[in-house]
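Q: Chain residues, written in single-letter form:
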Amino acid sequence: MSLRQKLLLLFSFTVAAAVAAVAWTVLVRIRYVFEQRDQEETALFVSQFQREFQHRSAEVAAAVDRLAASEHARVMAFELVQSGDAAPYLTEAQTMAQDAQLDFLEIIGPDGNVVSSAQWPARFGYPEPAAAQAPQAAFLKRETLPDGSAELGLFAVRAIGGAEPSIRLVGGKKLDQSFLADLPVAPGMTVALYSDAGPGSDAASIPNAPANSSPFDPRHLVGASGDVPAAARYQGLIDAARNSGQQTSGILYLSQRREDSINATAIPLKNQAGQVLAVLTVAISRGGMVDAQQHIRAIACGVASGGILLAIAFSLWIAARVSRPIEELAHGAESVAAGNWDTRVPVRGRDEVSVLARSFNHMTDKLATQREQLVQSERVAAWRELARRLAHELKNPLFPLQLTVENLVRARALSPAEFDEVFRESTATLSAEIANLKTIIARFSDFSKMPKPELEHIDAKDVVERVRALYESAAANSDSNIRFEIDLTNAPMPLNVDPELLHRALSNLVLNAMDAMPAGGTLTISAHPQDDNIELRVADTGEGLTPEECERLFTPYYTTKQHGTGLGLAIVQSVVADHAGTIAVESRAGGGATFIITLPKATTA
Amino acid sequence: MRWTVLRRFATSCLIAALALPVAARTRPHYGGTLHVEIEGDPWQRPDGLARRLVFDGLTALDANGQVRPALAVDWSSDDNDHRWQFKLRPGVHFHDGTALTSVNVIASLTAACSVNCPWTSLRAVGSSVVFVGDSPMPDLPALLASDEFLIALTVTADGKTPNGNIGTGPFQLTGFNNGVLALAANETCWQGRPFVDAIEMRVHRAMRDQWLDLGVGHADIVEVPAEMLRQAQQQRLTVDVSPPVALLTLQVSDSGPLANPMLRSSIALAVDRATLFNVIFQKQGQVTASLLPQSLTGYSFLFPADRDLGKAHELKGGLSTPPLTLSTQGSGAMQLAAQRIALDLRDTGFNVQVVSANAHPDLILRKLPIDGAEPYAALELLLRGAGQTPPIIEPGLAALYKAEHELLDRHTLIPLLDLPRAYASGGRVRDLHLLSDGTPDLANVSIEDAP
Numbered sequence: 000m001s002l003r004q005k006l007l008l009l010f011s012f013t014v015a016a017a018v019a020a021v022a023w024t025v026l027v028r029i030r031y032v033f034e035q036r037d038q039e040e041t042a043l044f045v046s047q048f049q050r051e052f053q054h055r056s057a058e059v060a061a062a063v064d065r066l067a068a069s070e071h072a073r074v075m076a077f078e079l080v081q082s083g084d085a086a087p088y089l090t091e092a093q094t095m096a097q098d099a100q101l102d103f104l105e106i107i108g109p110d111g112n113v114v115s116s117a118q119w120p121a122r123f124g125y126p127e128p129a130a131a132q133a134p135q136a137a138f139l140k141r142e143t144l145p146d147g148s149a150e151l152g153l154f155a156v157r158a159i160g161g162a163e164p165s166i167r168l169v170g171g172k173k174l175d176q177s178f179l180a181d182l183p184v185a186p187g188m189t190v191a192l193y194s195d196a197g198p199g200s201d202a203a204s205i206p207n208a209p210a211n212s213s214p215f216d217p218r219h220l221v222g223a224s225g226d227v228p229a230a231a232r233y234q235g236l237i238d239a240a241r242n243s244g245q246q247t248s249g250i251l252y253l254s255q256r257r258e259d260s261i262n263a264t265a266i267p268l269k270n271q272a273g274q275v276l277a278v279l280t281v282a283i284s285r286g287g288m289v290d291a292q293q294h295i296r297a298i299a300c301g302v303a304s305g306g307i308l309l310a311i312a313f314s315l316w317i318a319a320r321v322s323r324p325i326e327e328l329a330h331g332a333e334s335v336a337a338g339n340w341d342t343r344v345p346v347r348g349r350d351e352v353s354v355l356a357r358s359f360n361h362m363t364d365k366l367a368t369q370r371e372q373l374v375q376s377e378r379v380a381a382w383r384e385l386a387r388r389l390a391h392e393l394k395n396p397l398f399p400l401q402l403t404v405e406n407l408v409r410a411r412a413l414s415p416a417e418f419d420e421v422f423r424e425s426t427a428t429l430s431a432e433i434a435n436l437k438t439i440i441a442r443f444s445d446f447s448k449m450p451k452p453e454l455e456h457i458d459a460k461d462v463v464e465r466v467r468a469l470y471e472s473a474a475a476n477s478d479s480n481i482r483f484e485i486d487l488t489n490a491p492m493p494l495n496v497d498p499e500l501l502h503r504a505l506s507n508l509v510l511n512a513m514d515a516m517p518a519g520g521t522l523t524i525s526a527h528p529q530d531d532n533i534e535l536r537v538a539d540t541g542e543g544l545t546p547e548e549c550e551r552l553f554t555p556y557y558t559t560k561q562h563g564t565g566l567g568l569a570i571v572q573s574v575v576a577d578h579a580g581t582i583a584v585e586s587r588a589g590g591g592a593t594f595i596i597t598l599p600k601a602t603t604a
Numbered sequence: 000m001r002w003t004v005l006r007r008f009a010t011s012c013l014i015a016a017l018a019l020p021v022a023a024r025t026r027p028h029y030g031g032t033l034h035v036e037i038e039g040d041p042w043q044r045p046d047g048l049a050r051r052l053v054f055d056g057l058t059a060l061d062a063n064g065q066v067r068p069a070l071a072v073d074w075s076s077d078d079n080d081h082r083w084q085f086k087l088r089p090g091v092h093f094h095d096g097t098a099l100t101s102v103n104v105i106a107s108l109t110a111a112c113s114v115n116c117p118w119t120s121l122r123a124v125g126s127s128v129v130f131v132g133d134s135p136m137p138d139l140p141a142l143l144a145s146d147e148f149l150i151a152l153t154v155t156a157d158g159k160t161p162n163g164n165i166g167t168g169p170f171q172l173t174g175f176n177n178g179v180l181a182l183a184a185n186e187t188c189w190q191g192r193p194f195v196d197a198i199e200m201r202v203h204r205a206m207r208d209q210w211l212d213l214g215v216g217h218a219d220i221v222e223v224p225a226e227m228l229r230q231a232q233q234q235r236l237t238v239d240v241s242p243p244v245a246l247l248t249l250q251v252s253d254s255g256p257l258a259n260p261m262l263r264s265s266i267a268l269a270v271d272r273a274t275l276f277n278v279i280f281q282k283q284g285q286v287t288a289s290l291l292p293q294s295l296t297g298y299s300f301l302f303p304a305d306r307d308l309g310k311a312h313e314l315k316g317g318l319s320t321p322p323l324t325l326s327t328q329g330s331g332a333m334q335l336a337a338q339r340i341a342l343d344l345r346d347t348g349f350n351v352q353v354v355s356a357n358a359h360p361d362l363i364l365r366k367l368p369i370d371g372a373e374p375y376a377a378l379e380l381l382l383r384g385a386g387q388t389p390p391i392i393e394p395g396l397a398a399l400y401k402a403e404h405e406l407l408d409r410h411t412l413i414p415l416l417d418l419p420r421a422y423a424s425g426g427r428v429r430d431l432h433l434l435s436d437g438t439p440d441l442a443n444v445s446i447e448d449a450p
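These protein sequence lines are chains A and B, in that order.
First residue of the first sequence: 0, per numbering that gives the first Met the number 0; consecutive thereafter.
First residue of the second sequence: 0, per numbering that gives the first Met the number 0; consecutive thereafter.
It is possible that part of the hints are untrue.
To be verified - Footprint (simulated), chain B over chain A, 3 or more residues, beta carbon under 8 Å:
#, segment
1, 116 to 126
2, 135 to 149
3, 300 to 309
What the hints assert, rightly or not - Pair by pair, the computed Cβ-Cβ distance ranges are:
#, chain 1, residue 1, chain 2, residue 2, range
4, A, 97, B, 181, 27 to 37 Å
5, B, 355, A, 45, 35 to 45 Å
6, A, 35, B, 355, 22 to 32 Å
7, A, 136, B, 181, 29 to 39 Å
Read the hints as simulated data drawn from the structure, not as lab findings.
Since the structure is predicted, the reported quantities are computational estimates derived from the model, not experimental observations.
Glycine included, every Cβ here is placed at the ideal spot set by N, Cα and C.
Could you build all of it, start to finish, from the sequences and the hints given here?
A: Shown next, in the form of structure tokens:
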């Protein structure tokens, strides 16, 4: 990953993290503020509900009070007590309830049994436990109706004055949708009432009545305008309030969408015995909060996106100021490493990077200068070595020539016969030494005139066979006692080489090997494919080379032979290098030497 | 002496003056429109008040429940009551002028009874109608007096279907507007023209409104349900009450959840008749556990009518039933009685819901008519009203008791109360009498201030 990319990532991450941190903080704060507001509204509603509840209670109590004190009720109670016959008053409760605008009314006889019931006329004769309590204040009660349903109501019990034993009235009003509609509800707030016919209801007080279980039934949750949407979602909250008897709050998700969630509070409504008869739910929509949060999230995403774009621009600018000089330095270093010693990087400004660039340029300058000096030194050294070799090579033949010439000069004083003999010997020597000089000069000339390879597509076997044919017969005709061995594979070994130069190189190696085995031995020439290369080996069984000799073997003018020029292996190395190959030597003292030429295999195309 | 003569003369004049209006009241006046209000449907059997005014039967029941001639003047049976021949009254015409013939009568009876008829075949023999049955039909004359077999014109003289309800009764239908059924006197009625010119019958009128209309003079005759009889008497209304003419009964399905006769028996024992009688029906009529009233058979008391909750529990045992449905015909006391019965059954462990309308309820609370003075005919009519096939009963009270006992042992009909019918009339209505089925004899009613 480049420095520019790192900078880009760093800036982007920094901007995004900063925006996310700010957005999260704002979201948490918004949620806190909304929840605070919801709690305050709920608390306000609860207090208003309690006031309304007390107001309703007072209304019910007053209505039943008025009924109990009415002349009609007094007369009815008197006649009822006197006659003991409740039958004529079977429908009396309905009439009285209608007049008093009560939803529930039961006339309870002296025996505590229902004389007349407005809400369940057929229930006459059954006991009404609520009448025995006779509390002064209104109370909550769940009233079972003929169809098996139950209604929650506020009830009051009053004795009709003047009748002894007392006749009681149990009257009440429903706590239903109309009650919910009368409650002061804040905007965004919905209230609902959950009640069912559970244990403790009137139905349970009827002997042998079918047992009512009270698992949560969403149909029993009724709002001010009717059914409550997604009522089943309230189950957990309502059950918690019913089971604990305590006010319970929580967040309810009415659908998969977060904006449909609500902050709901379940308020248990209890009777005087502490039984939970109903649960009032107050729900405040979290839609506003969710909208605000989504709005803030959208803003945060926008800001983060903009920040990341700014980060990209900033990183590009930073790159222009910081990373580009560093990249140029890196490229310059790579160029220097590739051998371009004259590489220079531009220097901008006065900062640390510019100092570094300036130092880099100074370094390359120094390196170029030192390289030039080194080349000049090496060239001088080479010339000196060449001169030394030339002097050494030429000195050997010149010394016999000098002696021969001086001998000829002295021989003039000899007899003509002796002179002739000396002259003949001297001229032979001179010719031999001059030929020796020519050979030396020719070798130097050959080394300096290495031709450019003319590549042909050949098989390595052909080269090996040609060398073997040339030198095997020569070895056989001499008394050197050298045995040739050829190790070739049948697989094709294509090479793209100059056949003459490769023949010349192999010939040099074969001659060196033959020179290395004056007492005879085995000379092995082999060729084998090796991955993408062809490996040619020339091995002898001579005395071998020391490690020092191996290290210097390919240095020009280095030779281990008494009359060698030291150019043979240099020529071989030059040929191999011109064919993009390598040459190496493996040897140990007394174990012979093996020269390995590795050439790239020619492609079939 | 002179004062004595004068005193006697004055006394005579005073007596004559007092006697004059009394004599005037004895002569009914023709004319006027009678205003009647009812809660139900005037065409619906068995209480269809208008049916009795528009249609006649081959026979009729007099006030004592005895069979008397109507459209048939004479009848005879042979072949051990397997064959009956009814001779039609001559000179009788339907309201549209069509003459009453045996063919018309057969067409009407065939239309009224296509299945489960008392007879097997009908045949016209001159001006007579011959009924032939596979089994003896000893009570056929009484059966033909029932509401089910009133004669209506089904095909006119020119072979067309008549437009409307056309009979031979004392009144003919003239219209129905705004809930008021208009009937006009049949001037050529075979039993003589009725006193009033017309009857306006307001239908589906709430009981409280009927009484209000009666109080302010907008109605001449209104209904008084049994449960309101005492209230009517307290309000000093002029009320005519019939003897028990309807059997309040709980009809129990013998299929579905109540296919087990033990459950049906448990239900029969769980119902508290005394509460229904004492409270809901305000001690009117009488508690009964038999199909026929005590006045007809004399053995009704042999059937125990007391509630036995322990036995009911014992019979139900651990048998569980799904929620049962109970429907009832009528409103007011009938609904209340249904709810009370549901409560009674709940005490025994039955879960019963009172439903307003249900195609196949498990229980039906209904009133069945007790018509006539003949117990066999009354039982057959009652069972036909309940949709059950009457059994063949040998003559004799013991056989009747045995048959009724067997019927009750099935517990598909649980008798509860024998109830009367009653009507309250206004001050200008004269000579109101109730027929044997408890309906008012409007054909013989006159209006006092009629022109």
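Q: Hints first: check each against the structure and report whether it holds.
A: These are the hints, each one checked on the structure:
1. Only residues whose C-beta sits within less than 8 Å of a C-beta in chain B count toward coverage, and the segment 116 to 126 of chain A has 7 of them, enough to reach three; the restraint holds.
2. For the segment 135 to 149 of chain A, the stated coverage by chain B is satisfied: 3 residues place a CB nearer than 8 Å to a CB of that chain, which reaches the threshold of 3.
3. Counting residues of the segment 300 to 309 of chain A whose C-beta lies closer than 8 Å to any C-beta of chain B gives 0; at least three are required, and the coverage claim is violated.
4. A hinted range of 27 to 37 Å for the beta carbons of residue 97 of chain A and residue 181 of chain B is consistent with their spacing of about 35 Å.
5. One distance hint, 35 to 45 Å for the beta-carbon pair residue 355 of chain B and residue 45 of chain A, holds here, with the actual separation near 41 Å.
6. One distance hint, 22 to 32 Å for the beta-carbon pair residue 35 of chain A and residue 355 of chain B, is violated here, with the actual separation near 52 Å.
7. For residue 136 of chain A paired with residue 181 of chain B, a C-beta distance near 59 Å fails the hint of 29 to 39 Å.
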